[in-house]
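Asker: Sequences listed follow chains A and B, in order.
With our numbering applied, the first sequence covers 4 to 434.
With our numbering applied, the second sequence covers 64 to 239.
Read the hints as simulated data drawn from the structure, not as lab findings.
Some residues of chain A that are not near chain B, with every Cβ distance over 10 Å (derived):
(1) S5
(2) A7
(3) Q30
(4) K39
(5) K47
(6) A69
(7) G85
(8) K148
(9) K203
(10) Q209
(11) K245
(12) Q307
(13) P360
(14) W367
(15) T393
(16) E421
Cut-off 25 Å, straight-line C-alpha distance, at most; resulting in silico cross-link-like pairs (BS3-like, lysine-lysine):
(17) A:K156 - A:K25
(18) B:K82 - A:K140
(19) A:K148 - B:K82
Backbone N, C-alpha and C fix where the C-beta goes; we use that ideal spot for every residue, glycine too.
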Amino acid sequence: MSTADWKNYEPVLIPNTKDLHKIDVYQQNGGYSALKSVLTDKKKWEGPSDVINEVKAANIRGRGGAGFNAGLKWSFMPPADGGPRYLACNGDESEPGTFKDRKIFEYNPHVFIEGALIAAYAMEITSIYVYIRGEYKDYIDMMQKAVDDAYEKGFIGEDILGSGYSVDFYVHSGAGAYICGEETSMLESLEGKRGYPRVKPPFPAQKGLWGRPTTINNIETLSHVVPVINKGADWFAGIGAKNHPGPILYGISGHVNRPGVYELPSGIPVLELINDVAGGMRNGKQLKAVIPGGSSTPILRADQLDGVTMDSDSLREVGTMLGTAGMVVMDEDTDMVDMLWRIAHFYHHESCGQCTPCRDGTGWLEKILLKIKNGDGEIKDLDLLLDITTQMEGRTICALADAAAWPVRHTINRFRDEFEARCKKSVHAIA
Amino acid sequence: MTYEFDKDDLKKIDDIKAKYPEVMPATLPVLWLAQNKFGHVEPEVQRLVAETLGLPEAHVHGVATFYTQYYKEKKGKHVLDVCTCLSCQLCGGYDMLNHIEDKLGIKAGETTEDGMFSVQEVECLGACGYAPMLQVTNDKYVNNLTKEKVDKLIDDLKAGKTPEYEEIKMPLRKVD
Chain A
4 MSTADWKNYE PVLIPNTKDL HKIDVYQQNG GYSALKSVLT DKKKWEGPSD VINEVKAANI
64 RGRGGAGFNA GLKWSFMPPA DGGPRYLACN GDESEPGTFK DRKIFEYNPH VFIEGALIAA
124 YAMEITSIYV YIRGEYKDYI DMMQKAVDDA YEKGFIGEDI LGSGYSVDFY VHSGAGAYIC
184 GEETSMLESL EGKRGYPRVK PPFPAQKGLW GRPTTINNIE TLSHVVPVIN KGADWFAGIG
244 AKNHPGPILY GISGHVNRPG VYELPSGIPV LELINDVAGG MRNGKQLKAV IPGGSSTPIL
304 RADQLDGVTM DSDSLREVGT MLGTAGMVVM DEDTDMVDML WRIAHFYHHE SCGQCTPCRD
364 GTGWLEKILL KIKNGDGEIK DLDLLLDITT QMEGRTICAL ADAAAWPVRH TINRFRDEFE
424 ARCKKSVHAI A
Chain B
64 MTYEFDKDDL KKIDDIKAKY PEVMPATLPV LWLAQNKFGH VEPEVQRLVA ETLGLPEAHV
124 HGVATFYTQY YKEKKGKHVL DVCTCLSCQL CGGYDMLNHI EDKLGIKAGE TTEDGMFSVQ
184 EVECLGACGY APMLQVTNDK YVNNLTKEKV DKLIDDLKAG KTPEYEEIKM PLRKVD
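Just chain B, with the same shape it has in the complex (with noise of 0.2 Å):
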């Protein structure tokens, strides 16, 4: 396949590159609206990225395998991020893995067959107080997971639904 950037994707990277003194600086922002556009990252947008901004093709391999949110490979249409660090990992986090990769019949780090979820095992999220969690598709974080909420989630996705933003109210401190 081919990969290009249109005439709006074009201004949107001139943009981004106005916001730094030189062209390296938009590596990590233009390699994000390429995975947007296009799913992932695999070599071949990596090349594009790299000639569109005039910088070596290695220099944008080596940003784009350093960092985990980049998908170097073709992902299934929802990725479901668990995350099993300290916190989630304390409150349950395995367990909502475990019952993902049963769910779906794939383990950590694979893809379903219909191409529709891929799953990953993620470190933390930053969202401790609200465990356990994951993230769909570098996007919406769903909190506070039992197997219900993790249940009507697949449903949901399989639908054509997203989840919503969580807000979490903020915990009122109990003053005796």
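Just chain A, with the same shape it has in the complex (with noise of 0.2 Å):
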């Protein structure tokens, strides 16, 4: 289907369909078909390699924010020991702007559960994890009752469907730290300690949880794997834009009429995104900016958006990224000093403190912009600021510290003007 195609493309990950969390439901609509067909169907697939290759070709990016193909990510576990080897699902999602993953936990928990399940034969892994952030109670209780429900009917435990495969399926719930969505964080929070991200390498392919191999995939990447199964790479490969293929979930926030998640091809067209899909702009507003994927991802001016598609390669033109499609719609009447305060305060309350250029860059930038926004800035602080973020960049064990700096420099550069009035305004009122 091509990307122009949208209006016509059927959900697959969300659809409509009423109570399709029951797992009677889901099964009534081909739910753990796909598994089946893994397990049993030794024709299609002679063992798990062939799986790893389906969803390899399928060039399932990943969801969580990196877009790494996780078929190939699946193939770097090491060969099977007879050890314990883990795959941890990365549901903590919790940068401002996504909560998509939610919408799959509340209405088609079993299609997350029924892809770590192929994920976990994939590669030949004995238990599965799956992190929620501690916020999610209700998801948290929503999933507990979907893994229940698929042990009881044998999708989940000993010998799966006869075919001698078994693993475990653990819910496991955070406790409120932004940090822990980054994967090796997630690691040390599921073993019981502070979320400190670990260093790289040794990756967690080679040395995950407990020691042990250990893959960690995204909510929606593991989702879109049982689509992947019952309808081929092919049918995935051919969605939406070429080199970020397959439907992505979109949560659109902000200044529209129509906020909320929507399951569309990827390559979308942002206009159209904000235009058709969430209803335009609120009160008759003017658009003044977006955030594309998550407040990580830099800030694209209003009339830098014609033409520009929800996918990596046009994202990155216009000096963006796709992150978690979680679009942030602002109006005319944003304060970017006021805004860009905000996520600085974020990502300081949120640094874990392991890192110095993180730990106090992060705060620093969150005290000068404080200073900015109350009209004590002076035009200086501009250039103070975009220093400490090439100073904070990749100077740190994980990318928190990245994540801070690219909002503020790239909000700064992109609406400098807005800056330097409020630091002027200063000036005249000192004068």
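Please assemble the complex out of the two chains, which come individually in their own frames, going by the hints.
Answerer: Here it is as structure tokens:
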């Protein structure tokens, strides 16, 4: 399906099917047939490596933000040695603007469970953990119920569907820390510690949970595995943008008429997503800026959006990223100084404190932005902010420092007039 | 006050431990269990968790203080976590926070004198499309807040009525 046909796209992850979260309804709609096929249809799937190859060919690019080919990631797992191996499913979802995985927990938890089971089988994994942010209490309960039901039906546990394959599935709750969405921090948290990111290498595929091979995938990424198995890699690879194919759960928030999560092909024009899907701007206001994929992705001015589509290639051309496809839309009344200060406050609050450039840098950014916001800023503060961002980026164990630096640098560069005006105001006030 | 786990709690803790190959991973879930039982995880509660799991007290303290959802001190009966992060900020999160502060006569971070309410300003709760919003005591989300909705929520909580799960209908795509 070409991107232009997006209006005819039928959702597969969150279709409008009543009570799909119930296992019986899920099964009546073809649920768990992909798992059954993979485990029992030996003509089609000779072994786990066939499954990995199919997922690799589909080019499911990780939906947690990094956009790495999921099948390729799976192939990094070392050969099985008889010891435990883990799949850690990342449902931490804490980046401002991002609220998509909860829709899977809420409306179609079994598509995620089935996808995770197929992934586990493909990588000869013996235990699956799903890590869900602690604030999602209702969704944690829903997932636990769905997992219990799948155990009861024999889709999880010993000798699944008589295939000889066995795996356990556990739900684990976080307790409030954005950093735990970072993959190695999530492993630390699962191990019962403070969520401090680990130095890589060794990568989790070599040394993950409890020192054993572990693959970490986002909830949406794993959910896409089910339609890939059912409909084939070609179907998936043929949807949307060529280099970033497949459906995407777009989360749209901010000043639009119909915010929410929408499943549509990748590569949708940004302006169509805002105007046609999300119902256009609230109160007839003009569009001012868009953050395309979570608060860390560089902001775009409205005049940069013509022809830009929601896929990594197109967004890279205008100096930003797809991230989690959690789009934040801002109207003409948005104060960029206030907005950026709030983003900086978030990253300062959420820095785990392990690396100095991040611990101090995020605090420094916030402090200077607060000064500017309060009318006490000076023009030279803007250059200081930009200088700090360059000192933070790439100098820490994980990418939180980068995630804090990018919005500051790009918002100042793309809305410099507004920042300067606020600083000049203070000069006049003093005079 | 002396804090203790009863027989049922210890059974639940054994079930939690069975999910992991080691004891340490039980730290977060057992802190949750303790908080749900005692309402907070003050140092005395952290000590109980450490002793029960056979882990160093410093470890449990380190974990409890790292994660924002654990209450390291006593809170009000209802804790209102008001999200003011990016999308909520854009959609009036601070207006809601200020309204709650005015209504309860306390500032964010404080607890009302009668011990009924604590108010906190929190970071992104992942409900960006339903902004502004708040969470009640680590449990239910209350979305698409207006001042009227906040007033009703507070009245309901005072009357002993806790919010229900708000299902947000899937938005229908407009297909021209």
